[in-house]
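**Q** Chain by chain, the residues run as shown.
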Amino acid sequence: MTDVTTLDAPAGTRTAASPGLVDGPRGAKPKRAISPRNIMIYGTLLLVSVYYLLPLYVMIVTSLKGMPEIRLGNIFAPPVEVTFEPWVKAWATACTGLNCEGLSRGFWNSVRITVPSVVLSIAIASVNGYALANWRFKGADVFFTILIFGAFIPYQVMLYPIVILLRELGIYGTLWGLILVHTIFGMPILTLLFRNYFTSVPEELFKAARVDGAGFWGIYFKIMLPMSLPIFVVAMIIQITGVWNDFLFGVVYTKPDVYPMTVQLNNIVNSVQGVKEYNVNMAATIITGLVPLIVYFVSGKLFVRGIAAGAVKG
Amino acid sequence: MTTTSTPAATQRPIRLFRNKAAKIAAIPMILTALVVFMGGTIWTVVFSFTKSKLLPKANFIGLDQYERLWSSSKWLIAIENLVIFGLCSLVFSLVIGFVLAALLDQKIRFENTFRTIMLYPFALSFIVTGLVWQWILNPDFGIQNVVRSLGWESFSFDPLNNQEIVIYGILIAGLWQGTGLVMCLMLAGLRGIDEDIWKAARVDGIPAWKTYIFIVIPMMRPVFVTTLVIIASGIVRLYDLVVAQTSGGPGIASEVPAKYVYDAMFLSQNLGQGFAGSTMMLLAVLIVLIPWAYMEFGGRQRD
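Protein sequences appear in the order of chains G and Z.
The opening position of the first sequence corresponds to residue 1 in my numbering, with each subsequent residue numbered one higher.
The opening position of the second sequence corresponds to residue 1001 in my numbering, with each subsequent residue numbered one higher.
If we strip away everything but chain G, and leave its shape as in the complex, we get (with noise of 0.2 Å):
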């Protein structure tokens, strides 16, 4: 994050995407640095790089700022005297209605939610894929497909039985409801997960273990889950951006004092009371989506080979 600032679009470089633009042969040819070819690739991957960044920027940019300052300059400026205050407000004092304990309350609520969630949810698709991959029962495929199509079934189709099922079982509306829920529409994309994990394990591993005498759970807990880590960690960034960034969810089964960040910064920001403070706003926007962005950062690859599998939940 620290290089937003020294990308400026180099000036006068204004070129349209287009597949036209890679033109010339491909792979290694004579190494020459500037050619017309390279400029023109370089300078249009810059331009759109700016593009990215520019909503990042900018969110920094006026969340470092002082109202006054917001009402007389351009939002792209950066800030003439860097101010703090806005952060401290969105995060300790900022108003949802008559609440104004500030976003550490959705924050928290945040994290109880995703963290059994996250827990919950991979334990039970671990061994999920695992029974699908090596112990495959009868209807086993069926139940699966079952799974699978029901990830692409529009949620709002779900939405009011589960609200019926959760009021059976007493939790609607509390915090476990919500974790159930998470749990729930996580199966689909994390048991193909592993289960295409465990699929691509030597059988004769699994052979080997059998004829030592290891059973379900010994295979499971001795050699699988050890071999797998990496594929742990996958789901565990599929479900922590995915879990930490959802709002439906959160705001049908959840009520005002358990809402999670994204429900209560949306409250927060979209309140039509009282005179808008763009810069707290764009700080509690910020804190939001510093948790996904972290995953995201440091997780580097591991990220890019989870949304393939993750992307199925959009």
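The hints are simulated quantities; they were obtained by calculation from the structure and are not laboratory data.
Note that the coordinates shown come from a computational prediction; the quantities given were computed from them, not determined experimentally.
Quick reminder that beta carbons are idealized off the backbone N, C-alpha and C, glycines included.
Check before you lean on any hint, since a few could be wrong.
Listed next, the stretches of chain G that the computed footprint assigns to chain Z, with coverage defined by at least 3 CB atoms under 8 Å from CB atoms of chain Z [unchecked claim]: (1) 38-52; (2) 142-150; (3) 222-235; (4) 290-298.
We have chain G; now place chain Z onto it with these hints.
**A** Positioned in the frame of chain G, the structure of chain Z alone reads:
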């Protein structure tokens, strides 16, 4: 998405008791699949034919809810918005995603940096995305104001407060968030293309852009299809972004079906309308999904 690849361990004694642990372990999955996904879906479809208002009640009234739905201007606007948003984001994200992937595939330096930059919005939630773009598109402080202060006084770019173009304002934010993902999927597809194809094309003197259009893209058909399904199922769900960016406004100009359903179910105590709306959403997804599933898993003879 290789749902039908045959797992290695099929030849195990299949008797009810031999596999007890596996069956017990699969109970959560079975319950989710049957009770929540199938049961929930069927329940909603059935109750969309009832007069449910505040609470679900089984007094059937045929297609009344659907007639009311399709004569509601809010729903019609929602559908129109979804079609515009859907078509535009499909076309733009596929084209932009592919072009960016092709550019990144030119054995360039800093590839990882560029990819990291293009993909990071995908890690952010739609709420964050919507709020940032609401701020950037703010007429008094955002782009419009900046351009005006540069001297172009009559410049007007205020999509979020203009009923005619508000959906394009949402589209800008949606594309910002989602094209990185498409780029990544496309890049994976491009990397899967055999290097020899490129060599052969070069030997034959075919220009690179022609190779892309006539050889590489047809070869990447499965990648395109999968990406299409992923984008399409995401589009139907479009909800958070609209709520954060415009709350459906100005007026009802940026309503979308998912929001219509939520509002009907949880704000205006009109469950029947919510069920009917969500059933229509399901139908839309099935129209995309069934041909895809058929192609992917039905026509096995391809491989």
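**Q** State for each hint whether it applies.
**A** Each hint, compared with the structure:
1. Remark: the region 38-52 of chain G is confirmed as covered by chain Z, as 8 of its residues place a Cβ nearer than 8 Å to a Cβ of that chain, reaching the required three.
2. With 8 residues carrying a beta carbon less than 8 Å from a beta carbon of chain Z, the region 142-150 of chain G meets the three-residue requirement, and the given coverage holds.
3. For a cut-off of 8 Å, the count of residues in the region 222-235 of chain G with a CB near a CB of chain Z stands at 0, and the three-residue condition is violated.
4. Residues of the region 290-298 of chain G with a Cβ under 8 Å from some Cβ of chain Z number 5, which satisfies the need for three, so the listed coverage holds.
Of the numbered hints given earlier, the model fails hint 3 alone.
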